[in-house]
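Asks: Take a look at the letters that make up each chain.
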Amino acid sequence: MIKFLLIVNRRGQPRVKKYYENFKQSAVYEAEVIKKCFLRGPSECNFFDHQSARIVYRKYGNICFITGISEDENELGIWEFIHNIVETLTEYFKEVREIDIMLNIDRVTMILDEMIANGRIIESTQSRILAPIYVMDQAVGK
Amino acid sequence: MPAVKGDGMRGLAVFISDIRNCKSKEAEEKRINKELANIRSKFRSDKTLDGYQKKKYVCKLVFIFLLGHDIDFGHMEAVNLLSSNKYTEKQIGYLFISVLVSASSDLMKLVIQSIKNDLASRNPVHITLALQCIANIGNKEMADAFGQEIPKLLVSGDTIDSVKQSAALCLLKLIRNSPDAIAMSEWSSRIIHLLNDQNMGVVTAAMSLLETLAKRNPDEYKGCITLAVSRLSRIVTSSYTDLQDYTYYFVPAPWLSVKLLHLLQNYPPSVIVEDAGVKNRLTECIETILNKAQEAPKSKKVQHSNAKNAVLFEAINLIIHMDCDANLLVRACNQLGQFLQHRETNLRYLALESMCLLATSEFSHDTVKKHQETVITSLKTERDVSVRQRAVDLLYAMCDRTNVQEIVSEMLTYLEMADYSIREEMVLKVAILAEKYAVDYTWYVDTILNLIRVAGDYVSEEVWYRVIQIVINRDDVQGYAAKTVFEALQAPACHENMVKVGGYILGEFGNLIAGDPRSSPATQFHLLHSKFHLCSGPTRQLLLSTYIKFVNLFGEIKPEIQEVLKNENNTRNADVEIQQRSIEYLQLSKTATTDVLATVLEEMPPFQERESSILAKLKKKRPDKVNVNLDRHPSSSPILPNATAQKTQEQMMANQSSPVNGGGTSDLLGLSTSPPAEHGANPSSYSGVLIDVLGDLGGDASKNSFSAAAAGGGDSVASGAGGGIDLLAGTVCPEDTFNKFITKNNGILFENDLIQIGIKCEFRQNLGRLCLFYGNKTSFTFVGFLPEIEPDESLTSSLQIQMVPVDVTVEGGAQKQQVINIQCASDFTNIPTLTLHFQYSSVPQKFQMKLPVMLNKFMEAAQMDSSQFFQRWKILSQPGQESQKICKAQNPFNADAIKAKLLGFGLSVLEGIDPHPDNFVSAGIIHTSSHQIGCLLRLEPNKQVQMYRLTIRASKDGAAKRLCDLLETQF
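The listed protein sequences correspond, in order, to chains C and Y. Per my numbering, the very first residue in the first sequence carries number 1; after that it's consecutive. Per my numbering, the very first residue in the second sequence carries number 143; after that it's consecutive.
One chain only, chain C, in its complex shape:
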């Protein structure tokens, strides 16, 4: 299962934090994980163990997605799921930049909630993830 998901900007500041199953960690822990991810070069693999979690991360331009998963979770599956998240966000925002995430933190959270709950993947199909959000946008009249 997924223990946490962080969306971090280029300077290493977390913009979105989602913790699942009471895996709340200190800011120091986050900082360590983020630093380790940033220190790793492109030739290094995207998984490593940090304390009790296995970290799977993926970098997109200025934004880095970092997840901590449990031992029995499928690393490659999560790694690709991060991409699925990015594609879904792109579909909704047309372009995903740090500022879009910051300004629409509620929508980002909603999209993530549609995709992951309790640290489990619940939905992977873009159209279905976005349907309730579009419903909401329409109701607001925008």
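Please note that the accuracy of each hint is not assured.
Said to hold, decoys possible - Straight-line alpha carbon distances no greater than 20 Å define the calculated PhoX-like cross-link-like pairs of lysine-lysine that follow: (1) Y:K1041 x Y:K886; (2) C:K35 x Y:K294; (3) Y:K958 x Y:K992; (4) Y:K882 x Y:K992; (5) C:K35 x C:K59; (6) Y:K886 x C:K24; (7) Y:K294 x Y:K258; (8) Y:K443 x C:K59.
Hints were generated in silico from the structure; no laboratory data involved.
Assemble chain Y onto chain C, guided by the hints.
Replies: Same frame as chain C, now just chain Y:
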């Protein structure tokens, strides 16, 4: 400015861009504090805020919180937003609640009420929001409030799919947090059938729930295996167009497939393949997945191959879990072999990791070995340390006697340039492999010395203790070892650990190479002493011990050594241990006669063989990664019997630490008779020094008795530091363990480091059957395994005991079962004793334990009404027929527990006979083949003073007293 989705909150957008424009942390802090003050005043002011404003401010608070600041207000406003009818307001409210309201907050009642309203609404978006909130918080209160409703929502036909998905995850959270609040059993079959749901999203969500439930209660959810396999089969055989939007880059439902494959891994292989149809279908699925990996990709996109490989790896995990189909295992292994050279680092990493598991399966071990070259290459060329670490793990796992020399030499080469972070672990691994698969000992000694040369700093005590233990225990390698260390010490700079090993080995076996003029006694001494000044305290202490051994071995260099001992640097050293040793050794060399010296400084006796201490250390370091290949070939035991760490080390410690007092020989000899426990009891250990005079002495004295014990196989006479350390310890089953069995029939009768004995008893009337389970906890075979019942004259007439003979050997890790049949001829008092003899590593062991066969075991409960009871009670009024005890209660008064004890004792519990509700009245009949004994009991607890009065009357003289004695210990 970029667009804000939804109804744009301009104020929020401005605030966010302000924050982003802040140049420094302080500026950001200032801006946030200003905003917090603003929001606080807005919330406090009398002017009522409309929904939009509330939403805006609450949203800002969430944002500030996400920036890492504490928020201590605004909760009430957020809860107010929940009752809004506007989606966005409600949603921001829930967002705030989910991230900021702790589960124990006072507001929870209000939140729960709002959720209730939303669940009752017909609007699916509202319901979903409410469910997501439950899924985020999911505390006990919520479980109580919604535990009934959510399962209904989940399985109902009316619920729309997205709500079902949320409900599944919501339920999962509630079950995890408060498993008792929700009764799931009535829903189990309907939840399993969600696997057949039309909508793949619902299946995906249900899978997570199902997996948790199946983990918790495998039997109840066993039905999911069949459904999961057929669902999986439908997915993998479908063409990518069948699943419409659940196809991800031409891979059909990758994440769902992963979950299905993962679910199956929760069941033991035997359960999965129970049904031949299911088994075939699953094999087909896995083969299809493996075949697809070989086909040309349907898309060049990396997403396609990633998703496909995610499924593939999960399938391989399942193959490894099942570990039964050799064909599949070999195919998996070949597939991973291809990945080892893939250009994606991620795949190489995962392939190495999975292959590690394959190496432990007997079916695929040999196939894994084919990839040895590739793995070694990746160890050398891989740029990522975590991948190299996996390569080391895999080499360790694939190692066996055929390839050990090559693998160890490669690992040694790599060690020279390995990352510091993994060196210590590698050293341990090399040491273990070298020992475990050593073909000959000279190679082993060479390897360890090389190890010290290459990575001396990372060689822990366990490693060099171990090489010394082995050299001492194997006399065929001692000469070679002495020669090799002598040569190694000639290097201009050598590691301190090398000096320690060298010092110790030359001290013991230097005489074996003294004949060669190149390594004459004087040369040996000078060589060692040239290192003396460069070494730390503990090493110097060890070297001093070596010198005194030289005095014994080579009389001709005695004056020279005495000079060194006399040196003020030693006799007045700040290190008190060095001071003491040099003074005492000097005295010893001066006063003791040659004979005494020879006795005091005789060769070390062999160490008792136990599990390797290195292994224990590695286990501590990487608990999950070690077992990999240790239990793979239980039949082929390593040539060196492993030896237990702690004990041997303790023994070494004991040797080192014993204070050398006085220096007078008589004193030393007097101490030598002290039992090993005393040595162990004062481990004021000085790390690093292996031995001193007393250690030698104790060892020596014990050597004789040790060998006597080993040869005679006698009654644990062995005592002394050298052997048989725990021969006497714990030989008799402790009394309180035994008392447990008075009211119980099953349990662990005896347990120590070597053996565990479980027992299961059945009694019927005057017959009893005991099943004993002897579990060998070590990795070595016990031989001469002989359990027998101690003859007891008082029992022969009353109990007939018949033992079914049991095999004389018990393999390491195995369990043997023995049945004992017992017939009770008349009542008895004594308890039969079982004596167990066996040899462990050729050291005789003897344990004694009482068998839980007591008079009350042959008792059967009797029912009667109050008039019968009192009538019989009155009849049994002879003096010998009654026994009464007044005792202090050992446990707090608990009616149910007492009742359970009485029933376990074999009595009935008769209700409504005694006028006082707290009292207990019972009856039972003891069956023997000659007669029956009726028993009546009355138990009167007094809660205030924590005492109870126990009265038993029985129809036969003495029986009441016996039962009373047995029962009084129980309350």
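Asks: Decide, hint by hint, whether the structure agrees.
Replies: Against the structure, the hints:
no.: 1; hint: Y:K1041 x Y:K886; result: 13 Å, holds
no.: 2; hint: C:K35 x Y:K294; result: 46 Å, violated
no.: 3; hint: Y:K958 x Y:K992; result: 19 Å, holds
no.: 4; hint: Y:K882 x Y:K992; result: 12 Å, holds
no.: 5; hint: C:K35 x C:K59; result: 13 Å, holds
no.: 6; hint: Y:K886 x C:K24; result: 44 Å, violated
no.: 7; hint: Y:K294 x Y:K258; result: 15 Å, holds
no.: 8; hint: Y:K443 x C:K59; result: 18 Å, holds
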